[in-house]
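This is what each chain is made of:
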Amino acid sequence: MQKFISEQNLHTLLDKLIAEGTRVVAPRMNAGTPLYEPLKSASEMVADQLPRRSGKEAFFPLCEDIMTYEKEGQKVTLKDIDPARFPETVLVGVRPCDAAAIPVLDAVFSWDYKDEFFLERRKKTTIVGLACTSADDACFCTAVGLSPSETRGSDLFLTPLEDGGYACESYSEKGEALIKGHLELFAEPGNSRAVSLAQPQTEKFDLKKVKAWLDEHFEDSSWDSIATRCVGCGACAFVCPVCHCFDIVDEGTEKSGKRRKNWDACGFWKFTHHASGHNPRDQQPKRYRNRIMHKFKYYEDKFGQTLCTGCGRCIRLCPVGIDIAQIVEEISKK
Amino acid sequence: MHPEKQKHTFEPKIIAFVCTWCTYAGADLAGTSRMQYPPNVRVLKFPCTGRIDPVFILKAFQQGADGVLVSGCHPGDCHYIAGNFHARRRFAVFRKLLEFVGVDLNRLQFSWVSAAEGGKWVEVVTDLTEKVRAMGPMTEFRELALEEQWSGAINTPELEEAYNQI
Amino acid sequence: MTTPLNYSYYPGCSLHASAGEYDLSTRELFKALKIGLTEVPDWFCCGATPAHNVDELLSLSLCAKNLELAEQVEGDLAVACAACFSRLKTAQHVLGESPVKRKQVEKALDAPLHLDGNVKHLLDILARDLGLERLAAAVNKPLTGLKVACYYGCLLTRPTDVTNLDCVEAPTIMERVIESAGATTVAWTHRLECCGANFTLSRPGVVIQLANAILDSAKAAGADCIMVGCPLCHGNLDIRQKEIEGVYNVEYNLPVFYLTQLVGLAVGLGPDKLGLDAMIVNPMPLLKEKNLS
Amino acid sequence: MTKSIDTSIYAAVSEAIRAEAQRILSDGTVTAIVGYAAARRKGSAQPIVISSADDAAKLIFTPACVNNLAVYLTKAKKEIPKKGKVGIVVKGCDLKALSGLMGESQLKREDLYLIGVPCAGVLASTVQPATELTSDSIAPKCTECDAQLPGGCDFVPPQAPLTPGQTRKYAAEIARLEALTPAERWAYWKEQFSKCIKCYACRQVCPFCFCEQCLCDRNKPQMVDTTPRPAGNTAWHIVRAMHLAGRCAGCAECERVCPMDIPLNLLNRKMAKELKELYDYEAGFEVNDKGPLNSYTEKDDQSFIK
Amino acid sequence: MSRIGVFICHCGENISRTVDVERVAREVGLLPGVAFSTDYKYMCSDPGQNLLKKAIQEQKLSHVVVAACSPRMHERTFRKAVEAAGLNPFLCEMANIREHCSWVHENKEEATVKAVEIVGMMVERVKKNRVLPTITVPVTKRSLVIGGGIAGIQAALDIADAGHEVILVEREPSIGGHMAQLSETFPTLDCSQCIMTPKMVDVANHPKIRLYTYSEIELVEGYIGNFQVTIRKKARSVDEDKCTGCGVCMEKCPIRKIPNKFDCNLGMRPAIYVPFPQAVPNTPVIDRENCTKFKTGKCGLCQKVCGPGAVDYEQEDRLIVEPVGAIVVATGFDLYNITEKPKGSMIKGYGEFGHGKIPDVIDGMTFERLASASGPTGGKILRPSDGKEPKQIVFIQCIGSRAREKGISYCSKVCCMYTAKHTMLYHHKVHDGQAYVFFMDARTPGKAYDEFWRRSIEEEEAVYIRGMVSRLYQKGDKIVVMGSDIAVGVQVEIEADMVVLATAVQPQAGADALAQKLGISYDKYNFYSEAHAKLRPVECATAGIYLAGACQGPKDIPDTVSQASAAAAKVMTLFAKDKLEREPIVARVREAGCVGCFACKKVCAYGAVEEKEIRDRQGNLIKVVAYVNPGVCGGCGTCQATCPSKCVELDGYTDEQIVAMIEAL
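Chains as they are written, first to last, in my numbering: chain A, 4 to 337; chain B, 31 to 196; chain C, 1189 to 1481; chain D, -8 to 297; chain E, 165 to 829.
It cannot be assumed that every hint is accurate.
Stated by the list, open to error - Taking CB as the label site, the calculated pair distances span: (1) D:Ala174 to E:Ala756: 56 to 64 Å; (2) E:Glu747 to B:Lys161: 44 to 52 Å; (3) A:Val252 to D:Pro149: 48 to 56 Å; (4) A:Lys43 to E:Gly197: 46 to 54 Å; (5) A:Trp114 to E:Gly197: 37 to 45 Å; (6) D:Ala166 to E:Glu382: 38 to 46 Å.
Claimed, not checked - BS3-like, lysine-lysine: derived pairs with alpha carbons at most 30 Å apart: (7) E:Lys292 to E:Lys766; (8) E:Lys292 to A:Lys261; (9) D:Lys(-6) to D:Lys264; (10) D:Lys(-6) to A:Lys273; (11) A:Lys19 to A:Lys117; (12) E:Lys688 to A:Lys273; (13) E:Lys272 to B:Lys161.
Hints listed in this document are in silico derivations from the structure and should not be mistaken for laboratory results. Backbone N, C-alpha and C fix where the C-beta goes; we use that ideal spot for every residue, glycine too.
Please model the entire structure based on the sequences and the hints provided.
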């Protein structure tokens, strides 16, 4: 179903949703940094900047409680968190590189173990994509088979029009339900042309060739030169729309506390640090190799998808300027 | 979001980190002299103020202390020669950091109490207890402990009720 | 030649009265050594020894005003008389240390004080600013053979760390200056003993007794003459020498020179330019004997 | 009013570094050099470790060379070849960190060949790498820099950096924060620390965070919560600022690399300011073996102690 | 799961009066990990301790918390009881619910709630306690004594008599120190040679004492019980074993006129000399600066005349390493020399007293030599300038002492007494002589001291003038002393024949250098600092090093000897046991985590942190880590609070224990 919605109506739609108690998450400024966060009012939305963290947060939170424990004398009571309590959410203003990431995550979170925390949130969220109009030389979505107008992962996709307002098209029942639920705010599609979209310059990677190289070169001296720069922080993994590793830790005192699930990163030394003290990936190149392998080989082997949507966040934010596009490009030339 | 609480008499929780050679002995002297002082203080014994790590002060506030007292030997009296000199510098810098982050320094008291100054111990503890009682509970760290990242927050009844208790 | 030295000059009352020869020889010596010396315009009495016994605020204000006047003339303040030097330095020291007294003086003068100008005794200028080598170079009639007893008196080196001219217990600045002018100095015991100063008017007996001890010690040490840096000491040792000889019927005949007179001789100035005629104990026979006249 | 900064010297400095690198690599003075090289994105630079003379041509020095390379010589990066002397390109702020490390017996001066660079300033983290260096795009730390010409190096290109005087951004911001009430300051920092995602980039990039296992990575006892909740984040940043007090040299890498733009260097500059006032300590080029927090004098201030 | 036993004491009714002990026992019993909780009227009594021991065995307790009085009172008692029951003593903690709770809070409800929380806190702490075996350090039962004065001699004799080997090191060619220079000693006027030489001979003949004279300490390594001391035995040029002490070489030596420092340069000695007749060892030393054999290579007469052939010009300094378990420092004092301002010292000289310029102005020690029968004048008081007998002597007190502007603010304690003695000796030897003493006040606090001082005035007719001397100068062959008599308010001038200055007592030159080698602290005057002014006067803060005599501060012979015996006693207690046992509250380094930044070493006031190399099997160095020497560690824990990654951990006060306590509140 194709429709048109004006800028004003979109804000009204969001304010109505907020009023109804639905959690509306969109890019907004938080102490000077653009982030996907729940809005208090539609006016807070900032559409022109790529949020510093990806949209995966709505489904795979930075940190969430999964169980609480309480000790009264010798008696210990455990209480699970009931996923039913996750709020209805509408994720608005999601760039194609973030939106396309979510189906990639669906694969791993519904793999041999159904992660009800992720899936319940996934069920309760409608994703409203937004075509991408501004890219910088770090973006390389086109190189991994996406594009500024890619609708994959979006329930409803808005494309900004030259004369203002957005052409919107629904790609799932949730999308349609959203339109139907507020039909008065939508109008029939006009014929105004779309705004010129962003053009990332990187040309398409030969992902097949990259994977082939990676299949053979687990042990290779070039990993040293590629990864010597990496200092082992978690910035790239945490801002990446598709990285999904997490750690479970109990926090609290003897008397009471919570079991929490929070993001972890393979770049950390402690990620593979065994209780015995042994660490299979003790050197930084081994850890960084795992990042490339997981994104361009292991995920392909398991789910037939590339674990990278080319959003460029890891390139912009890497403390030591490691450029994954440069690395993949070099591998594709090997 | 919190209904206005009625003001019941608030009993501040004071944690005191003391060195065993001087202040702990001073507190013992206050005991043997049967001096009376408010029961809000809980005393932790250390070999020397040099052993008191600033993270313990942070930990104390996080665990709900409304006031923290750190006390040891007067400079020059340290049983370990220089423990309190290092501590003095460490705390001079740490309290500036806490102040900069927004902790009200009236809740953090440093003092020298020798083994003969039972009276001074009582005075320091009583002053701090009354001062903190007047200031009310230290809400900063308690509220902070309940804050969640937006994505992990679920408005559960316990969360509501916990908020009200602060 | 390095940058020319020049100073503002505070002669002090006695140099315009009884110690005229000290003022004359100072001006001539500085002219000969090509050191600029411009008198402080309408300077007035520094209070000398009596003022601060009567009222400290008076003495401090007098000196503060003089120091302020000296600021108008370019260059450090040169002082010849030991008493003026001691008073100006003490005022600088006391007003620098005690804000209470500083406020009182500022109220008295109703003007802000600026006391950081340098106050220097002639010895300081000759020994340090000019430097002993350049002084020796300027000597063309060395005082060879003249045995001089250098007499500091009380005020040049005391109180400690106020005048900062030289070490309190064992000063050597006078000896070094006159030795670079060719003279030989004698080691004697009364270099720093008091000459009785202003008791010369109220209780002359004290001056007779003290001055005698000094003259006796200098004579015993084999000195030909005594060199002084203070008009009051000069007065007690020179003017009263005859009377002392009478009282103790002993014969000293020790001429008492100002340091500028002796150095002046060494740089070739004649007796008329040094006011040698004003000295009570006639120095001419001694100078002739050492063929320095 | 944006003041432009004369960046003509950067090309000449790069040339001098390349020549020097070529020389010391070919004559074996050093076995490797840690420097900067151009990266894929226009105008961007990234750290590089070269060990052959002909790689020397890759070395550059531009306003985009923002990293503090000292981190590559500390324990955290054990793989950097430790055999023989290692050359390193150092800006003034980096050199202060190096001398701190030498004071903490992590490095020996004789194992290092210091190529100091006269630096007129580097770009802030919030601008694209290709931006031209002006008083707007310059990194906040450079507005307070007193080390444009690093001292005590083995080689320093002859160029002289000239940077127009600028308002000291950190000093101003610290003064602003100090003027607030404790509650306002707490709110300010709570909002900032809530953004933290515990990616530990600030720790991994700091030359002084060379502990084998960070206190915050340990759980017996759990001194600091690991999860990135505001409570854990606040504790983490307080501990970090306290551990760097009296050591941090102001290279402001922590603030530059923070993906969430948390003004972390404010905490370190505040500590540096306090240590200057309290014990007259300032991180500098000379190596002192005892820092302010592992030495004392009888007469240290104790006005805050009853 | 730990099985903790909690024992709440009534302490008669000191606790139970304001704390409901049954309720505390009941509530604490519910805490996780507590297997047994009871209360008893007197826990520290025998039945109480037996209850404790029985419960440990029957209930198989893993930890014990005794809630009673302050640990400073009975922690040792309960830990011994727990140890007797077979449990490591450090698994027992005390909860102070008396001094910190029942005695200071009257309201029973509040006190009881607080008591429960205190005990609960200690229960959480004890869960984290680890078994700590007592630390034993081997003790070398040999002691080093530095300084062969009366202090060193007394300490050496006491320790040797207790059966332990002693190494006595003396810098001068002979032991005896300053006391050997004295004529008679106050307050009994017995001759110092008579009371000292027997002790010196005992030292030489004592089988347990190895004497190194003309030797200095080169290097001190190690820690209490395990010091390695390198001694530099300077070349004497005479073989001590062969020399019989016949003295022929000294008679024959052509160089006669070298001022003898022992006689304060009044007497003369040859180039090969023994400082004084009763020297121990009685072996001469060749003064290589003044001996023509060493200066020009000629002469060599002493070697020719030496019967046993003991003279050996080729002899060189020898470095000897001695393992010792304890060190007694007895380096003594020196008199403040006013002739010139000591280099780098803040002490300003006394130009105005002409010492060194006026020959007849001498210091107290020179007067002693004049008065001493073995002195250069055979005991007659004669003027150094012309050898005449002085008819008027002026003694001036407090030269340097109590003179802040001259740099010394302390009182040297002994001068008032020895000056009174000098006036007496002078009066005995020159009956018509008159002694004047300029003094501020007489300090004669010792036993029979003040009587001695009164006697010098009333019987020996010394004239005491209360006032200070401003200047003195030579006039003819007299010395004019210009002083004031403040009692009468008059300026006084005395024409004296001789002036004796009672100069201040200072540590020996080089005292600070020796302190740095030993790692002991010293004050701004270079006197060594004792561990505690009142309670540990003869020990240094650094374990295993003890102090005796004037090196710790000005003192007279009685105090010096008692301090020497005290220091010896301390050494004997140290050597009483083969192993030095000490509380295992010491720091340990987790070497896996240590990155060798040595912040711990920088803050350790005990110097207990050493650098340790970790090498792989092939021997190449992996890293250098910190190592805490359990024998030296004081247990303050400053290192752990300084270490960023907490790799150094103080046993008994680990972070786990403390955080557990904080979290239990």
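(request) If any of the earlier hints don't hold here, list their numbers in rising order. (result) Hints 1, 2, 6, 10, 11, 12 not satisfied by this model.
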